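The primary structure of each chain is shown beneath.
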Amino acid sequence: MMIEKPGLTLYGLFIVMALLAAAALLLGVAVSSILVLLLIYAALAYSINFITGMIGYVDFGHVLFMAIGSYALATLVSYYGANPLLGVGLGALLGLVFALGIGLVILRFRGVYFAIATVVLVLAAYNIVLQFPQLGAGGEIIVNLTFQPLATYFTIWTIVLIEIVLTYYVNRSRIGFGIRAIRNEEDAASSVGVSPQTLKLTGYMLGGLFGGAGGAVYAWSISGVTAGPAFDFTFSLLMLAMIIIGGVGTSIGPLLGAVVVYIPSYFLLTTVAQAQPLIIGLLVIIMALFLPDGIVGLLRRSDERLRLVLE
Amino acid sequence: MQAKPRRLTKRTTVIIAVVIVAIVIASGGGTYYYINYVAQRPITCTLPSGRDAIKVGFTISLTGTFNVEGAKSLAGIQAAACWINNNGGVTVNGKTYNIVLNYYDDQSSSAQISTLYTKIITQDNAQFLLAPYSSGLTGAAAPLAEQYNLVMLSHGGSSDSIWTKGYKNVFGILSPASTYFNNAVDWLKANHPGDKLAFLHADDSFSAAASGAASKYAVQQGLSVVYNASYPATSQDLSTQLTAAQGAGADDLLGGGHFADGVKIVQQLSPVGWKPKFISLLVAVTEPQFRQQLGDSANLVTGPSQWETTVTYSPATAQTSGIPWYGPTESQFVDYYSKQANAGSPTYHSGEAGAAIIVLADAIQKANSLDSTAVRQTISSLHIMTFFGQFQVDSTGKQSGHSMVLVQWQNGGLVVVAPAIVAASGTVKYPYAGS
Amino acid sequence: MVAAELVVRDLVFGLLLGCVFSVVAHGLNIIWGVVKVVNIAHGEFIMLGAYGAYFLNLFAGLTPLEAAPVDAAIGLLVGYAFYYTFLHRELRDKETITLQSEMVTLAATFGLSLFVSNLAIIFFTGNPVGVNYNPGTLQFGYLRVPLAALYVAILSVLIITGTWLFLERTFIGSTIRAYAQDVTATELVGANPAKVASLATALGFAVTMAGGALLTVWVPVGINPLMGALYAPISFVIVVLGGPGKMWGSLVGGLTLGVVIDLLQAFTTAQIAYAAAFLILIPVLVFRPEGLLK
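Chains as they are written, first to last, in numbering that gives the first Met the number 0: chain D, 0 to 310; chain C, 0 to 434; chain S, 0 to 293.
None of these hints come from the bench; they were simulated from the model.
These numbers were taken from a predicted model, which means no experiment stands behind them.
Any given hint might turn out to be false.
Unchecked claim - A partial selection of chain S residues facing chain C, derived with a Cβ cut-off under 10 Å: (1) Phe12; (2) Leu14; (3) Gln270.
Claimed, not checked - Taking CB as the label site, the calculated pair distances span: (4) S:Asn133 x C:Ser380: 37 to 43 Å; (5) C:Asn410 x S:Leu142: 50 to 56 Å; (6) D:Ala81 x C:Ala52: 49 to 55 Å.
Heads up, the beta-carbon is just placed ideally off N, CA and C, and yes, glycines get one too.
Produce the complete structure using the sequences and hints provided.
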């Protein structure tokens, strides 16, 4: 399955994750509450990386899976009193299932049409959720749980860890070759013995799975879900920005992108609220026009040694 | 996206990196400069020196959908805090403190609430909290008050559901959403019981709560409800719903949402060709901008209000009712508001938010402690009157002592028209005349 | 009004609304059809057009009908700027737009969308504003049609017809159409591809901003910096429904969408009407991806 032995990148990522775990355990609630959102963003970035970064299909509507996960956790915990971990599991499962169903239909569309279809689905889903009073007036469900910051933190930490390993292995394996073939020239890929449809669907389902899981943890951390913000495109845009800035398809890219997007915005948020999306928008424009392979790509191209190490 | 097959020199990389960083700093700095030095800012009042501070933390919507209501609320909070600091401050155990405000813009979005309140609590070390504006955002912020066990006063979130969650630390200043339309329904029952009612509201928890409770109350009172529908917040064209309501034979229209919806509904009545005999809409009606944007078609539209500057609460009223009074009088509050805030004239959002600070200060003094648990217990049993009206909460923290009023635009001015005991000289004018 | 009359009323209003939707989407259609680029920031330029009409109304007392040509002129300049900033590098040496370029422009324009909308929030604040334009109504039996909506619908159709005439009957227009079919061939006959593409882009932006101005009639208090988030997806759906590059497609797509949204609300809730209007895209893409027009 694997082409070579794991490289420095994987070990480097493990070290970063270990540091994040230590930070939560040692530095107290204030720090872990900042970092938990970072991890949620990273989880979402890795999830969109499967479909957009690796396979190249731009999913503007990825927030749909986040919302599915959020509503899954909120309904399960709020109406059935279940353990939030079950809610996360349900969110992941529903994300996977919806991705399968939706993907079978829309993955047949090329490039731009796929992107537009994802947008349309989010808008339709928003309106549909509002139609059901079982999902709360205004789609608002409040989750009343005792405060368990470490439980939330380590749930999302585990999810990100799984995603990192999965991303790394996919990139390194034969599946990775197939995926890169699709990105280069989809029609040629099928003649090499790779089924593009299966690969696309797998990527999309992984995106749905982890997007749902991330969304569920997000609802857990903010104690609820409301229709308007749950289907807000800003999340999709943030996820895309993270992988574009970090480096699409890479193993480090999503985490790096999450750090670059989230940490400064945390400080900017308290000065000018609009500064974060403004600067991110600018960064994305610059990256897209001049550095389409993100920071990781930039570093890889600037130094021979880095090119061998970073992925 | 694939990599362009070009090798970059180290020099180019560094240049690109520097350029990116420079642009980011420039744009960040530029907007920071603009916001802080060019755009209009409310004036903060000078704090009397030599005192320690009691830090009250909150977020408020300075941008986004609720920026109109948020600006009014913030100005009210600042006016109230300023009054307190200039009138003896807050005394605890013989020491005098200033009320210091620690706030951020939540952009009317619940996505920011969690991060910001966590920051306010864990990094800024606020000792007491106010909720954001709107039921939705209050609902998002309340769990954090519980998690960190800090008192939170809700001044802009009235949805009854907030108080069904078993929160110990959240207390409402304002009358709950379910009571918003009671004055209107009562008046209709007393004066036009044969009228048929239509309810049309926005699909968010507050509007749904207010409109839903009102339609049930109307039916209980024996009135006939012929139309009851909601619309998603993103709807731009309500003419279909308005036509349908007219088609159902409705005489009166109640509902709405926040500011933009209210204006939209009134504006679309004329092209639809419907002139309800009585209109009562949430939130929008009490804003001066409502009249500015609608002109004459705003005339005779009514709306529920938590407070107006013309209501008659005063130390004298308090004494007659046997309730303690605390805080500025109406005119003092309005005076401080106009001197300290760059936000037009005060609306009920200003009043309810200002009252939150007043009640908090009084509770702290009565508890004679800065400890959350002590203050929380004091608030639970507090019964006072302020310029905003009475304050008393039930066992869940929901406001029970305060009464709402019904206002109506008459001759270009907002007049309190119900309930009769508070309405100085105003009465409801009926029917609505259109433009 | 009885049910049948309600249906007719909603049909008429749906058509009127649809005309405005058409012109709002038309600019996207032109750019997509000629330069093969999808501008994710399309909604933001509609928003700017709407604000343009608002300020022209506020400071110069112009009605949305009068503001539209002014907005169109501004749109031309903006379009040229947009072309040279975003598209020139990608299109310059290529025969057709590659997948790589497609992704680059998608990403870059999405960044632009974030940037412009948030800049608008800072300068315009989130406070929704509106243009007050009510020249009265026309009575057709039980049907009351606001003249503002009628005028705007007529102007929308005129704009679409005008661009069609321009592309079909003028020399420059045929050069643009040639470019849309085959860039290299156009070069071979002596036209400068950059000039053609930039003109098409400028035209697209002009129509977009004019559309934004006309839209203000239907959003009396809805002009806010984030309105692009609603009208961009609507425009995408319209262009796909009609078929990218087909000029009359905008009208077909726009009318379809307008009618679906308004007519459905006569039978069911607004939420379902909107959901259905958006979901139409999926079956169209599955069964007739080239659009509803032949």
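Item to check | Outcome for the supplied range 49 to 55 Å, where the beta carbon pair is D:Ala81 and C:Ala52 | outcome: violated (44 Å)
Item to check | Cβ distance range 37 to 43 Å for S:Asn133 and C:Ser380, holds or violated | outcome: Check failed, 55 Å falls outside 37 to 43 Å.
Checklist entry - Should the interface hint for S:Gln270 be scored as holding, given a Cβ-Cβ cut-off of 10 Å against chain C? => result holds (5 Å)
Checklist entry - Should the hint that S:Phe12 touches chain C count as held when the rule is a Cβ pair under 10 Å? => result For S:Phe12, the interface hint holds, since the closest Cβ of chain C sits about 6 Å away, which is under 10 Å.
Checklist entry - If you take the shortest Cβ to Cβ gap from S:Leu14 to chain C, is it below 10 Å? => result violated (13 Å)
Checklist entry - Between C:Asn410 and S:Leu142, does the C-beta distance stay in 50 to 56 Å? => result violated (34 Å)
In the structure shown, a violation is registered for the earlier hints numbered 2, 4, 5, 6, in ascending order.
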